[in-house]
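Asker: Here's the letter readout for the chains.
Protein chains: 2
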Amino acid sequence: MSERAEAAGHRPAPAHTHPDDVSLLAALSALADPVRLQLVRDLASHPDWTLSCSNFDVPVGRAAKSHHFAVLRDVGLVEQRDQGTKRLNRLRREEFDARFPGLLDLTLRADDTH
Amino acid sequence: MSERAEAAGHRPAPAHTHPDDVSLLAALSALADPVRLQLVRDLASHPDWTLSCSNFDVPVGRAAKSHHFAVLRDVGLVEQRDQGTKRLNRLRREEFDARFPGLLDLTLRADDTH
Numbered sequence: 001m002s003e004r005a006e007a008a009g010h011r012p013a014p015a016h017t018h019p020d021d022v023s024l025l026a027a028l029s030a031l032a033d034p035v036r037l038q039l040v041r042d043l044a045s046h047p048d049w050t051l052s053c054s055n056f057d058v059p060v061g062r063a064a065k066s067h068h069f070a071v072l073r074d075v076g077l078v079e080q081r082d083q084g085t086k087r088l089n090r091l092r093r094e095e096f097d098a099r100f101p102g103l104l105d106l107t108l109r110a111d112d113t114h
Numbered sequence: 001m002s003e004r005a006e007a008a009g010h011r012p013a014p015a016h017t018h019p020d021d022v023s024l025l026a027a028l029s030a031l032a033d034p035v036r037l038q039l040v041r042d043l044a045s046h047p048d049w050t051l052s053c054s055n056f057d058v059p060v061g062r063a064a065k066s067h068h069f070a071v072l073r074d075v076g077l078v079e080q081r082d083q084g085t086k087r088l089n090r091l092r093r094e095e096f097d098a099r100f101p102g103l104l105d106l107t108l109r110a111d112d113t114h
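For the protein sequence lines, the chains are B and S, in the order given. Everything in the first sequence is counted per our numbering, starting at 1 for the first residue and increasing by one. Everything in the second sequence is counted per our numbering, starting at 1 for the first residue and increasing by one.
It should be emphasised that the hints constitute simulated quantities derived from the structure, not laboratory data. Just so you know, even glycine gets a beta-carbon here, dropped at the ideal spot from N, CA and C. A portion of the hints provided could be inaccurate.
Straight line, CA to CA, 20 Å or less: simulated SDA-like cross-link-like pairs of lysine to any residue [to be verified]: (1) B/Lys65 <-> S/Leu25; (2) S/Lys65 <-> B/Leu25; (3) S/Lys65 <-> S/Gln38; (4) B/Lys65 <-> B/Cys53; (5) S/Lys65 <-> S/Ala44.
Stretch by stretch, here's where chain B covers chain S in the computed footprint (C-beta under 8 Å, at least three residues) [what the hints assert, rightly or not]: (6) 27-40; (7) 93-104.
Could you build all of it, start to finish, from the sequences and the hints given here?
Answerer: Shown next as structure tokens:
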């Protein structure tokens, strides 16, 4: 089995939630975490589909990182697709902005020096 | 000892934090709670200093309610002052808006029907 087929066989395609189906409480809870804030900021500073999960340098293990991405998917902040052995990412900026105007802008502001 | 003096004697004046000294992460964490969201919304729908802590009908005990108010004070969302046996409240709308533009408006939007 090739590496690509093996990866495809072992990992189910990620499930997604549209921001329209997300509560404000869930959205705030997803963003109220330092690792997830960093993931979102990293995503915002790169073009869509250019970062795979392994490209994010956050101080947590692999399983925890997967969990954080799942939380971001579940509130409609991140879209993922598998390409070979890589899971590529896109920030769902437009859809999330439409549902929660201003929240992502606030999150991405660089003034959070406290 | 009168009831008023007794209350004053037993309860230290509440400590406050200005929103300018609050991180985005702390602000999001404070709002990412259903009871605190309700407290903030109730405060926003009443004039300043008209609600005492006992006026808020939330499904938690007295100690938990005090904790939630302390969290809201610590992120600069609520100002409190004691008047006799009552602890009166004010939403720090203007100061919080200046620090986190749009976050309170988003919180107070009535569209969160999920």
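Asker: Next, verify each hint and record whether it holds.
Answerer: Now the hints, each set against the structure:
| no. | hint | result |
| --- | --- | --- |
| 1 | B/Lys65 <-> S/Leu25 | holds (18 Å) |
| 2 | S/Lys65 <-> B/Leu25 | holds (18 Å) |
| 3 | S/Lys65 <-> S/Gln38 | holds (11 Å) |
| 4 | B/Lys65 <-> B/Cys53 | holds (8 Å) |
| 5 | S/Lys65 <-> S/Ala44 | holds (17 Å) |
| 6 | 27-40 | holds (count 7) |
| 7 | 93-104 | holds (count 4) |
Violated hints for the displayed structure: none, as all numbered hints are satisfied.
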